[in-house]
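Put the two chains together into one complex; each comes in its own frame, and the hints tell you how they fit.
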Amino acid sequence: MRATYGKPLPGMRLDDLGGKLVVIEGTDGAGRSTQINLLKPWLEELGHAVVDTGMTRSPLAGEGIRRAKEGNNLGRVTQSLFYATDFVDRLENEIVPALRAGFIVLTDRYIYSLMARAIVRGMNPHWIRSIYSVALKPDAIFYLRLGIDQLLPRVVFTRGFDYWESGMDLYPGHDMYDSFCSYQAALLTEFDRMSSEFNFEMVDASPDAKTVCEHLKKNILQLLERDSRKSFVARLYADSARDLTAGFDKITAAPVRTSVPPGPFPALTPVVSPASNGNGHHAFHRK
Amino acid sequence: MEIGSGVRIGPFEVFAPLQPAVSMIRQYGEHNFPGRLIVVEGIDGSGKSTQLSLLHKWLESKGYGVVFSEWNSSPLVKDTTKHGKKKKMLTPATFSLIHSTDFADRTERSILPLLKAGAVVLCDRYVYTAFARDVARGMDCKWVRELYGFAVKPAIAFYFRVPLETAIHRLLDARDGFKFYEAGMDLDLSDDSVESFRMFQSRILAEYEKMIPEFGLTVIDATLPIEVQQSQVRQIVKTHLDHAQELRERP
Chain A
1 MRATYGKPLP GMRLDDLGGK LVVIEGTDGA GRSTQINLLK PWLEELGHAV
51 VDTGMTRSPL AGEGIRRAKE GNNLGRVTQS LFYATDFVDR LENEIVPALR
101 AGFIVLTDRY IYSLMARAIV RGMNPHWIRS IYSVALKPDA IFYLRLGIDQ
151 LLPRVVFTRG FDYWESGMDL YPGHDMYDSF CSYQAALLTE FDRMSSEFNF
201 EMVDASPDAK TVCEHLKKNI LQLLERDSRK SFVARLYADS ARDLTAGFDK
251 ITAAPVRTSV PPGPFPALTP VVSPASNGNG HHAFHRK
Chain X
1 MEIGSGVRIG PFEVFAPLQP AVSMIRQYGE HNFPGRLIVV EGIDGSGKST
51 QLSLLHKWLE SKGYGVVFSE WNSSPLVKDT TKHGKKKKML TPATFSLIHS
101 TDFADRTERS ILPLLKAGAV VLCDRYVYTA FARDVARGMD CKWVRELYGF
151 AVKPAIAFYF RVPLETAIHR LLDARDGFKF YEAGMDLDLS DDSVESFRMF
201 QSRILAEYEK MIPEFGLTVI DATLPIEVQQ SQVRQIVKTH LDHAQELRER
251 P
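Chains A and X, in that order, are what the protein sequence lines are. The numbering of the first sequence is the working numbering, which starts it at 1 and goes up by one. The numbering of the second sequence is the working numbering, which starts it at 1 and goes up by one.
Keep in mind that the hints were calculated from the coordinates and are not lab data. Take the hints with a grain of salt, since some may be wrong.
As the list claims (entries may be wrong) - No farther apart than 35 Å at their CA atoms in a straight line, the calculated lysine-lysine pairs in the DSBU-like style are these:
{"no.": "1", "chain 1": "X", "residue 1": "179", "chain 2": "A", "residue 2": "69"}
{"no.": "2", "chain 1": "A", "residue 1": "40", "chain 2": "A", "residue 2": "217"}
{"no.": "3", "chain 1": "A", "residue 1": "40", "chain 2": "X", "residue 2": "87"}
{"no.": "4", "chain 1": "X", "residue 1": "82", "chain 2": "A", "residue 2": "7"}
{"no.": "5", "chain 1": "X", "residue 1": "153", "chain 2": "A", "residue 2": "69"}
{"no.": "6", "chain 1": "X", "residue 1": "86", "chain 2": "X", "residue 2": "179"}
{"no.": "7", "chain 1": "A", "residue 1": "137", "chain 2": "X", "residue 2": "87"}
{"no.": "8", "chain 1": "A", "residue 1": "7", "chain 2": "X", "residue 2": "142"}
{"no.": "9", "chain 1": "A", "residue 1": "40", "chain 2": "X", "residue 2": "85"}
{"no.": "10", "chain 1": "X", "residue 1": "85", "chain 2": "A", "residue 2": "137"}
{"no.": "11", "chain 1": "A", "residue 1": "40", "chain 2": "X", "residue 2": "88"}
{"no.": "12", "chain 1": "X", "residue 1": "210", "chain 2": "A", "residue 2": "137"}
{"no.": "13", "chain 1": "X", "residue 1": "82", "chain 2": "A", "residue 2": "69"}
{"no.": "14", "chain 1": "A", "residue 1": "7", "chain 2": "X", "residue 2": "153"}
{"no.": "15", "chain 1": "X", "residue 1": "88", "chain 2": "A", "residue 2": "137"}
{"no.": "16", "chain 1": "X", "residue 1": "85", "chain 2": "A", "residue 2": "7"}
{"no.": "17", "chain 1": "X", "residue 1": "78", "chain 2": "A", "residue 2": "7"}
{"no.": "18", "chain 1": "X", "residue 1": "238", "chain 2": "X", "residue 2": "62"}
{"no.": "19", "chain 1": "A", "residue 1": "69", "chain 2": "A", "residue 2": "210"}
{"no.": "20", "chain 1": "A", "residue 1": "69", "chain 2": "X", "residue 2": "116"}
{"no.": "21", "chain 1": "X", "residue 1": "153", "chain 2": "X", "residue 2": "179"}
{"no.": "22", "chain 1": "A", "residue 1": "7", "chain 2": "X", "residue 2": "87"}
{"no.": "23", "chain 1": "A", "residue 1": "137", "chain 2": "X", "residue 2": "142"}
{"no.": "24", "chain 1": "X", "residue 1": "85", "chain 2": "X", "residue 2": "57"}
{"no.": "25", "chain 1": "A", "residue 1": "7", "chain 2": "X", "residue 2": "86"}
{"no.": "26", "chain 1": "X", "residue 1": "82", "chain 2": "A", "residue 2": "137"}
{"no.": "27", "chain 1": "X", "residue 1": "116", "chain 2": "X", "residue 2": "62"}
For clarity, every value in this text was computed on a predicted model and none was experimentally measured.
Next up, chain X with everything else stripped away, as it sits in the complex (with noise of 0.2 Å):
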């Protein structure tokens, strides 16, 4: 049978145009939901994620609707996430990929439709983790990159920046010592999980800076004062949340 002649493939016909999957396979998509999208970054002990639940009880308060959502925590994905860091057998590919289907189900099953439905969400963390962690783990930035290319592109992406000492400080003085691959012993660093933390962790901090100008993220000075932090995060999510007229209220 000879490619390209003419091969038959049955008596039948595609009937059903097929649906894109969302037209959502846009580099980074401008999409124009109604909704908006807020997402924090920043390295364990940034503080990001106290900053983010501020805001999130502020915008309820000035009656937004709101959803929050968490990396990692897909209905259909985090066992299979949890089974292999427990047996330790992921790969920085499979780490990468097993993270990226994550994010997708949760692109798919609540970012998008509620965008659409003109909600605010709210990410504790982002494509922009994967592409530090990945990146820091050996992957290829441009592959990693292309690997989130349906992501849709956030209104604001907070990057609370802080010194790795003082993360490490606050960390510390919460619990005692680090999980196998936060603190990237998989890459075989150090055998400390401490020192191979500050390693690991510096790696990510510089992938970050790099990505300041790359993706516009917003720097926010994670040493200051809690509430001066909070303070700068509500000015600037109100200047964009003004002028969204479709935002949807809560009833």
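This is chain A alone, in the form it adopts within the complex (with noise of 0.2 Å):
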């Protein structure tokens, strides 16, 4: 059964959360969304239906958080809180879900990243980490891991520099690129020190994303692979049970099962395919 860090929010059943909640953390520019863009196809053409969201993506807070960062007057509490409102938004209306429904839930960063950056803005870490654990732990988290010295002439030389990724509301009166490196470098410090306490599968970011690919693509493999095993003995475990429990001529009149019931182990293959609202998103219905 899943789980989350703490206390789950009230009508949040976690007894049938079939999918897998694959995350992929990392520093700005580190190519999450690159991979993502990758694995995306890859995971449908085996077969499995495969959900995308990422920071401010939620319809309740996404346009409020885009809108308040244009200002010059968005508060580190209040920007906490505000990425908190929407990664819940998302957590309980596309995330879960989807999870539900079998998806595999590709994730372009999750709540690591948004304590990082609460906590290089001099947030108690004890306050954040009790906000976010409410969130469900994930299948897998890989963190594409990039140093300095490699992350900025890919920032440079591709969208320059931004002045949230600089962190230059930490750093009034630097330019970009001193703001860059110090705010980058205490992200990193951060992400270090969390990586052992959550469990981050390290991948080294620096070769080219096609071979960054194949490693994350074995990773998921093994992922599925284990848990296709474990479906696998709880069907022969489902079906001797029912062996046992029912008469013979129900056995051959029993519609021939394509699925593993929710049980102790999670089915693999998606049986439920949510409507899709035809931007290849998909949607799901709020209550």
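Set out below in structure tokens:
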């Protein structure tokens, strides 16, 4: 059964979340979104339904955060909580329903980035951990790690410095370069600190995207195989249990089962397909 | 790459010491600011806003620098809250978080700096409103209290205690019916908004009762005549402000 880092949210059932929650973490410019764009079609080709999600994509708070970041008066506590609102909206209305429907959820950043950013901004680590204790523990956390010396050229020669990625709200009076280095170094320290606490799978992000992707694919396959073995055993177990309790005629009359019911082991193959909203994003109904 | 085996962060050092975002993350920080924070609490229809506005006028007439801050009024956040309420997309958790975001903005933007500057800050509803409502919606009591750990502890927190039926009569005299979240309709307690309001608010009242000893709320009997309540309020405020030497006067 799936678990959260603390008490689960009211009304959130954890017993039938059969999908897989795969987190891609890493600092800005480590290539997270590139990897997700490579992994998603690959997983779909293998027959898995995939939902991808990421920061500020919630229908509730995404727009509000973007608007707040355009101004010059977004405080640090406010910023931390705004992002928490965005996260929980996606957790409840996107991530959990998708897992329940047997999807693989690929998420670009998770609570770790949000906690690192808040801690670097002076928030109490205990406070921010308490807020995010409602989050689901993922099945895998791949941490794409890149040192600043490798990170810098990627940022400088592609999209250029960004106000928030450079932590300019933290180092007023410095230029973007100095601020970027200080901010990203502080984030890396925080990520490395969290790495063992939360069991990150450390991935060296310095090789080219294809090499990194091969590495990720290998690890994801292992994760999927491990669980399909489990669900094979579960299916055997379920079948034999039925053999013992039902009469022979009932067994032959029973329909062929294509999936394992929610039980101690989650089913691997998605059984239900939530409706697509036509944008390639899967829509789930709100209550 | 092994974790904890001297992983290189790059050639750069953090050169500017990271400023903690005000040393505000103390549990209900007992700050020693020159200003004074006074808050009013109670369910809708308890008359707390009326009492606060009378107090406001009196403090101003005494020459104090007074500033008023209302629940759910952050210019940065309130549109998001409105959007969530209108589309009925708020769950107990996001309802809680978006209100804490609003409160955080008002704390960082106005409450803290004003208290530092020596103002009397008056808040219509404070963290206790969130504690009562969020717990009534099923959020974990400890989690919600942690969430607001950055809040400044008020000098006085008045709780205007009123029986539920009195409050409902007052409210229904002034308007017909309740809004969706106000009546706790998101909890599916009843299809009838007045009945739902009644059930939801009685949960909230129970939470307030628990908080009186927990946070030392100052209880005012809100069934008394307005003038009587106000004179009690002024007396209590006066004893607090007489000792406050550092308060700024209005220019």
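Here's how the hints hold up against the structure:
no. : hint             : in the structure
1   : X:179 with A:69  : 31 Å, holds
2   : A:40 with A:217  : 11 Å, holds
3   : A:40 with X:87   : 31 Å, holds
4   : X:82 with A:7    : 28 Å, holds
5   : X:153 with A:69  : 29 Å, holds
6   : X:86 with X:179  : 10 Å, holds
7   : A:137 with X:87  : 29 Å, holds
8   : A:7 with X:142   : 10 Å, holds
9   : A:40 with X:85   : 34 Å, holds
10  : X:85 with A:137  : 29 Å, holds
11  : A:40 with X:88   : 32 Å, holds
12  : X:210 with A:137 : 33 Å, holds
13  : X:82 with A:69   : 19 Å, holds
14  : A:7 with X:153   : 27 Å, holds
15  : X:88 with A:137  : 28 Å, holds
16  : X:85 with A:7    : 25 Å, holds
17  : X:78 with A:7    : 28 Å, holds
18  : X:238 with X:62  : 11 Å, holds
19  : A:69 with A:210  : 33 Å, holds
20  : A:69 with X:116  : 26 Å, holds
21  : X:153 with X:179 : 30 Å, holds
22  : A:7 with X:87    : 27 Å, holds
23  : A:137 with X:142 : 21 Å, holds
24  : X:85 with X:57   : 33 Å, holds
25  : A:7 with X:86    : 29 Å, holds
26  : X:82 with A:137  : 31 Å, holds
27  : X:116 with X:62  : 20 Å, holds
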